[in-house]
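K.L.:
Protein chains in written order, with the numbering used here: chain R, 1 to 345; chain W, 1 to 345; chain A, 1 to 345; chain Y, 1 to 345.
Please note: incorrect hints may appear among the correct ones.
As the list makes no split between identical chains, a pair holds if one copy fits it or if it spans any two.
Taking lysine-lysine and the BS3-like style, the derived pairs with C-alpha atoms no more than 25 Å apart in a straight line are [claimed, not checked]: (1) K220 x K123; (2) K301 x K266; (3) K301 x K330; (4) K132 x K220; (5) K181 x K327.
Because the hints were derived from the structure by calculation, they are not lab data.
The structure presented is a predicted model; accordingly, all values stated were derived computationally and were not measured.
Protein chains: 4
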Amino acid sequence: MGYSFLNDYSEGCVPEILDILGRTNHAQEVGYGEDALCVEAAGLIRGETGCLKADVHFVSGATQANKIIISSALRPFEAVVAANTGHIAVHEAGAIEATGHKVCTVPTADGKLIPELVDQVVKTHIDEHMVKPRMVYISNTTEVGTVYVKKELTVLKEYCGANNLYLFVDGARLAQALTSKANDIAMKEFAAIPDVFYIGGTKNGALLGEAIVINNENIKNDFRFNLKQNGALLAKGRILGAQFIGLFTDNIFYRNGAHANSMAMKLADGIEEAGFGFMAEPESNQIFPILPNRVIESLLKDYRFYRWADNGDGSSSIRLVTSWATKEDKVDRFIADLKSANRCA
Amino acid sequence: MGYSFLNDYSEGCVPEILDILGRTNHAQEVGYGEDALCVEAAGLIRGETGCLKADVHFVSGATQANKIIISSALRPFEAVVAANTGHIAVHEAGAIEATGHKVCTVPTADGKLIPELVDQVVKTHIDEHMVKPRMVYISNTTEVGTVYVKKELTVLKEYCGANNLYLFVDGARLAQALTSKANDIAMKEFAAIPDVFYIGGTKNGALLGEAIVINNENIKNDFRFNLKQNGALLAKGRILGAQFIGLFTDNIFYRNGAHANSMAMKLADGIEEAGFGFMAEPESNQIFPILPNRVIESLLKDYRFYRWADNGDGSSSIRLVTSWATKEDKVDRFIADLKSANRCA
Amino acid sequence: MGYSFLNDYSEGCVPEILDILGRTNHAQEVGYGEDALCVEAAGLIRGETGCLKADVHFVSGATQANKIIISSALRPFEAVVAANTGHIAVHEAGAIEATGHKVCTVPTADGKLIPELVDQVVKTHIDEHMVKPRMVYISNTTEVGTVYVKKELTVLKEYCGANNLYLFVDGARLAQALTSKANDIAMKEFAAIPDVFYIGGTKNGALLGEAIVINNENIKNDFRFNLKQNGALLAKGRILGAQFIGLFTDNIFYRNGAHANSMAMKLADGIEEAGFGFMAEPESNQIFPILPNRVIESLLKDYRFYRWADNGDGSSSIRLVTSWATKEDKVDRFIADLKSANRCA
Amino acid sequence: MGYSFLNDYSEGCVPEILDILGRTNHAQEVGYGEDALCVEAAGLIRGETGCLKADVHFVSGATQANKIIISSALRPFEAVVAANTGHIAVHEAGAIEATGHKVCTVPTADGKLIPELVDQVVKTHIDEHMVKPRMVYISNTTEVGTVYVKKELTVLKEYCGANNLYLFVDGARLAQALTSKANDIAMKEFAAIPDVFYIGGTKNGALLGEAIVINNENIKNDFRFNLKQNGALLAKGRILGAQFIGLFTDNIFYRNGAHANSMAMKLADGIEEAGFGFMAEPESNQIFPILPNRVIESLLKDYRFYRWADNGDGSSSIRLVTSWATKEDKVDRFIADLKSANRCA
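Looking at chain R on its own, in the form it has when it is part of the complex:
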């Protein structure tokens, strides 16, 4: 099988995390996330984010985080607003609806929500015959690899505040967002904005794990009951703590994100140099070049990646994803092979 640009979770984890697991393996710890490793990791995250009063909880994956956060915060008839590309709207097998809540979607060009788009939903949901929008869900980076800048986040938060909406940021790829060339906001500035967000481990060099950070007091209350009811309290919660101690020591979290982005930018530059464009502006570790189908066929012999959309004109958009583990020589080789395939095709 060819080298994989399928996603950013193809490899295991940074060696530091395995070290921590090994080093702490024999210590007796209490269960369910109240162990010394989770306590330490939560402290590191409070320090790093500046959210000193936040509640921090660890769960094993992003769908679980989304499902629990949304269903904890909303009453039965309340709904969450998302971009039509939003992970919760498309790729979670109806996990949010399974908790009883509607996801109201709006079409976006670039995967980002802006107040005007959310307002279309708010303005048309006017009485008890319709659901009541109560939360806005955004992903940073978005599902199409774009990144929110500071101003976009602050105006959205302002809008939410004025309209009784929680702002929830899915940060499965927050490291990639904060280390993107398009980014203009520091972690601490970012972290102060949402009512609740999470910091992705799985897609940034951990074996598993997302760290939920809750700023809003309403959402904090009894949150562990929701974790338990959703099967998210791991008996050996210590392994989730270990992941985030690893990531937030020696800036590995940011270094991983930066490496993933830099590999993607190198790919993007090469692709552009070869004369091709993109479905969306390359800003982070997911890029969407548009290539002739014959070039794609040729590349698929040696590489793995998703075809995203057939453009119907002999070309398709593909998705290339890089990660903390992507090897630079593979990137170089991909560019060379692309150019060669283009010449032959």
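The hints should help you fit chains W, A and Y onto chain R, whose structure is shown.
P.N.:
Chains W, A and Y alone, transformed into the frame defined by chain R:
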């Protein structure tokens, strides 16, 4: 803090599992449980259980397994029958009800369901004004440490077959059951009986993970959709595969169970020798001695364990749990300290 | 088919309600319970109950009322406590669990909850591994025909207040309770006690309908969204308003309840006179005499009623239910037939 | 308040229904829809639809019908496909999602689904990371007043059959569809097509009630459990039976639909004559004329109707709804007032 007999998930994992994680860390694998490690682990489990046609899925924890299995198999108005001590009835924060299903409970003396007890529920649920019992849930070992013998399992399965009920076995401590002195059934014989069961990793030396084994064709269908919707498909499913490759290599699964049981039996023998009885017959790695409260107070200075029930006569039942990691010298020391506390008290 | 003592909803409705439906039939009204009839009915109910600040909503049936009230008031992991005989625990096909909530039951001798019984649940639900009791559900009259006296209600409310529990009274047979010989509380005194309750129409001479009265501000909020989401907002809500205008004009509500009770007492007196006892003290329109099976067989030729429980000694408890529509001559005839059957049997 | 063209449920019911309620009021009937009136009504419906083997159930309203049918038929991860104007997608306060199911919507010009539109959803839902489309929901008449012709229904059913999708028709306004000038299909031909549909009573001259007709054996099974669990089994189910005996005697069902349509066509003709167009082709009892805002303001002094959409050019679309009870002189007067307002404006 004292040495912990609180549970069987206080330590990390057997070193073999860390070795596998390290050895396979850099290989690129596909996501969501379709990687080479999960494939290998599923093969090992099919071989070990003799369930060659079974579907095998890996999830991170027991509440998650229970919730997904039950809600996948039942229609909205169907219910599951459990002992009133059953984990799903007591200790999952309403996880089953959160999927819309009632848990019908019956009181038991020893944590075990027998046809007569289930039949009380079946006989009194007669029309559409009541839920429709459709599944029987048992745990082996039970929540009070008892073990089902072969005959008990076969008559229960027969009853289920005759009454259109699925039989589901929660095997969070299946290793401890199959290596108990009270056990009289081999893995392959056991595994052929239930419609669906799972093999516990978390409480038997893995970092996390339960392996769901589905024999019944009705339950197999589209099961991965349920996993995804419940947030149970880990992006790096490989780490779950690694746990079970570890456990099912060199019989570690059984050796861990046997060690846990033997440490518990040693504790039980010492306690009995010291003149004390038990709330339930000690058969596996959870035992429930009845001790004078003053002895308990004294032991709590150096050991950690749960007080289970105050008997109101100056004595209480406590729960002592041993595991794959329990150290024999700590057990010896506990017995000695108990005898000494008893003399002084 | 014989004369029916099966239940209190065998006949249609008091003629006054049909009159109102006829009289108002051609008026144009707005939909979904905001019509003039519902407004008038709500006003009558606020006046009659003295709950001048209460929100009043009308739904079509009791299961619907229970389901909506409970799921509106509770967060996902919160539970409701009920007697094991409670309608929500037994006879609603899992309607409460279908909204995600556990019903914690306690055994009772007489169908009534007292603080000590509720406290058993509260005391054993101590952390996030278990559901969190947050509401107490009682029925007045109970499912076995007994009636709460004032002191029982006030101590229960006090307990609830002290333990952060809502008190919810299912008043499907509230008229029968308030007109029972065992009752010692007036409607206004009663109505001030619960956080939320409903006044049954269906089982007291209306075609359909229960009137929900919400005293607690927390439960009032956005309640109509819950009604809609549960399919309980009738387009022609006017027909529900009509029922309660009918019942709360000229004291029909109380007269119906009193008639049902008096017919039941007449039955009970005759049965006692014939030498038979009861499973529960006859206090309202549901009574449970214990009769020889041969007498029962004989009576079933001319009457319809439920066998409640076979006592295994040649006798069974049966349930006889009277209503606003029960005819006195049928009651007299039943007693005579019973005596005659007893002589022959 | 002005004369209402707000909806088709402003008045009570046809007098024949009140007659039946009066005539049968004192008969003792069994509860929960198994009474003689429901049996008779179900027989009338089987005869009228030609669905001799269908199961027929009565519920009180359309949201309840939609919710129960969809949640009965689907497994947790399965989804229903609807037009973005579909009642279940917009106007049921998330009732479908509250049962755990996603509604996948597609934009339509005229409120109708065609195979090509459904296929967009089917083709993009390809694995277990997404919900699995399993049912197609259409309304006839649609929410914008349009009507499906025979060919449209048969090709949609063919598509559904080929793609393992149930076809479900919301017939809240089925009478209006089958008596529309645009209709080309008879009741019996129509009724043979869907897997399940319902016949609306509430919006066609009944006090309440929708009659669910189930053709597909898979959906029939244990349906009454779903009714009970959703609070839809009325104790006095007889009142639902009475509605449909009334409607299906002497063709009242069709006469009501035809009257509503003819009043709407008269309105449409007058509006067209006055020089105005429509947002959608007037085909049934809901029409959407586009009028100058000043004309609308003037009409709102004497009539009630909804503004549907502001066109931003000084004109708006409004919705006018007629019914079985609409008076022809009010229609004439409306046209006259419209013309007059237009001259003055």
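K.L.:
Take the hints in turn and mark each one as holding or not.
P.N.:
Verification of the supplied hints:
{"no.": "1", "hint": "K220 x K123", "in the structure": "between (29 Å within a copy, 24 Å between copies)"}
{"no.": "2", "hint": "K301 x K266", "in the structure": "within (21 Å within a copy, 61 Å between copies)"}
{"no.": "3", "hint": "K301 x K330", "in the structure": "within (14 Å within a copy, 59 Å between copies)"}
{"no.": "4", "hint": "K132 x K220", "in the structure": "both (21 Å within a copy, 16 Å between copies)"}
{"no.": "5", "hint": "K181 x K327", "in the structure": "within (20 Å within a copy, 53 Å between copies)"}
Of the numbered hints stated above, none is contradicted by the structure.
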